[in-house]
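Using the hints, position chain D against chain A.
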Amino acid sequence: MLDRESTFAQPEIVKLLKTKFIPVALDQAYQRRQKDAEGDYYRKIAGQGPRSNFNSTTQGFYIASGSGTLLLYNNNRNPERVLRLMKEKLAEFEKLPKTKAPAIDASRVDEKWNPKPPAGGLVVRVHAKVLDGYEPTTDRWKAIFQSAMSRDNLWISKSETAALARGEVPATLQQRIARYHLVDNTRGEPPMWNEKEVRSIDMQVKDGKITGTVHLETADGKRGYQADFFGVVELKANKVVRLDMVARGKFWGSGTYTGSPPPGKFPLAVSFTLADGSDVADKIPPQASRGWIRGYIR
Amino acid sequence: MLLSQRFWLVFTCLAMFQIGTMQQLFAEGLNEDDFRRLHKELQQSTDAPWKTIPWKIALLDARKTALAEDKPIFIWAMDGHPIGCT
Numbered sequence: 022m023l024d025r026e027s028t029f030a031q032p033e034i035v036k037l038l039k040t041k042f043i044p045v046a047l048d049q050a051y052q053r054r055q056k057d058a059e060g061d062y063y064r065k066i067a068g069q070g071p072r073s074n075f076n077s078t079t080q081g082f083y084i085a086s087g088s089g090t091l092l093l094y095n096n097n098r099n100p101e102r103v104l105r106l107m108k109e110k111l112a113e114f115e116k117l118p119k120t121k122a123p124a125i126d127a128s129r130v131d132e133k134w135n136p137k138p139p140a141g142g143l144v145v146r147v148h149a150k151v152l153d154g155y156e157p158t159t160d161r162w163k164a165i166f167q168s169a170m171s172r173d174n175l176w177i178s179k180s181e182t183a184a185l186a187r188g189e190v191p192a193t194l195q196q197r198i199a200r201y202h203l204v205d206n207t208r209g210e211p212p213m214w215n216e217k218e219v220r221s222i223d224m225q226v227k228d229g230k231i232t233g234t235v236h237l238e239t240a241d242g243k244r245g246y247q248a249d250f251f252g253v254v255e256l257k258a259n260k261v262v263r264l265d266m267v268a269r270g271k272f273w274g275s276g277t278y279t280g281s282p283p284p285g286k287f288p289l290a291v292s293f294t295l296a297d298g299s300d301v302a303d304k305i306p307p308q309a310s311r312g313w314i315r316g317y318i319r
Numbered sequence: 355m356l357l358s359q360r361f362w363l364v365f366t367c368l369a370m371f372q373i374g375t376m377q378q379l380f381a382e383g384l385n386e387d388d389f390r391r392l393h394k395e396l397q398q399s400t401d402a403p404w405k406t407i408p409w410k411i412a413l414l415d416a417r418k419t420a421l422a423e424d425k426p427i428f429i430w431a432m433d434g435h436p437i438g439c440t
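Just so you know, the sequences run in chain order A and D. According to this note's numbering, the first sequence holds residues 22 to 319 in order. According to this note's numbering, the second sequence holds residues 355 to 440 in order.
Simulated from the structure, these hints should not be mistaken for lab results. Careful: at least some of the hints might be erroneous.
Said to hold, decoys possible - With a Cα cut of at most 25 Å, we get these calculated SDA-like pairs of lysine to any residue:
#1 A/Lys-110 - A/Thr-40
#2 A/Lys-119 - D/Asp-415
#3 A/Lys-56 - D/Ala-402
#4 A/Lys-137 - D/Lys-410
#5 A/Lys-36 - D/Glu-423
#6 D/Lys-410 - A/Glu-156
#7 A/Lys-119 - A/Gly-68
#8 A/Lys-41 - A/Leu-111
Please read all numbers here as calculations on a predicted model, not as lab measurements.
Only chain A is shown next, with the shape it has when bound in the complex (with noise of 0.2 Å):
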């Protein structure tokens, strides 16, 4: 979250990665864990750098060559020192002897970490922002995540979709929404819901128009949202073809990874948008279903 608005806002840095190097962004919780092509590829990168304890985080930033040659581990995000370092590895990469790299069978995948959509269901887009209650601040961190705006990708299988068809907001559908999808993830990975902190879920269709309500809520009552929904759902053929939705209500609490919430009760917002494929996000599986795609979807 701050990368996006600090390191990669940066101009330079930017024009560096459009045409000098090859971008490309990871949740390393996969790759370290994969037993496959990838992950091998990952680890023998990451395994060069201080991070080379897989069974703990490996995040940060590398720069590698193709061939496998870790240039640089950096986990600072001062947008300055990024540049620098990318200058220094960039000219450190020019006088690489030129080695033809191994070949590597990518056909060998480990499913468990490479979940695919649902054939015949849908993929649809998932923002959450909270709309006000933060204390003022001049901190230039702070104010990134007070205004950050989250996004994940919400699956819905091939029935799922066909029930939505028919005017029905399937249980298990309603269930997914509330316990991964209607979480405060604006300052980090969000602890999601567990079944009994579903307190209650109703969503209708009727007229193609969504609206319902929610209430969850954590056992001790320190974490908590309760929201309405108002949506819209068209078809074309039969087909769902628009899946627009806000879910708008007060938020309270917080989690191990997003600290510093507004004081209080606070208005979040979660809207939820058909994906059409144009954003290389569409492409990320569900963060709740990370290694767990039977748990998240059946």
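Using the frame of chain A, we list chain D on its own:
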């Protein structure tokens, strides 16, 4: 009007405005106008600098291109997908 009276008048107006705004945001129900406004507001801008970078999301694909174009790979590796989660 004394300065202190003016201060409290301005303070009270601002506080009422803030309470009013928060009450509006917490209002029961969500109508079609709210939905349209919020749905439009909660979309990522495609011209944000980080969105203009041609990010790949498959490392072996990046490797293949890097070898073909004789360029180094820049890996942005995070906990949670950096362009698709949080």
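The hints, checked one at a time:
no. : hint                  : verdict
1   : A/Lys-110 - A/Thr-40  : holds (15 Å)
2   : A/Lys-119 - D/Asp-415 : holds (20 Å)
3   : A/Lys-56 - D/Ala-402  : violated (35 Å)
4   : A/Lys-137 - D/Lys-410 : holds (17 Å)
5   : A/Lys-36 - D/Glu-423  : holds (17 Å)
6   : D/Lys-410 - A/Glu-156 : violated (37 Å)
7   : A/Lys-119 - A/Gly-68  : holds (22 Å)
8   : A/Lys-41 - A/Leu-111  : holds (8 Å)
Comparing the model with each earlier hint shows violations of hints 3 and 6; every other hint is respected.
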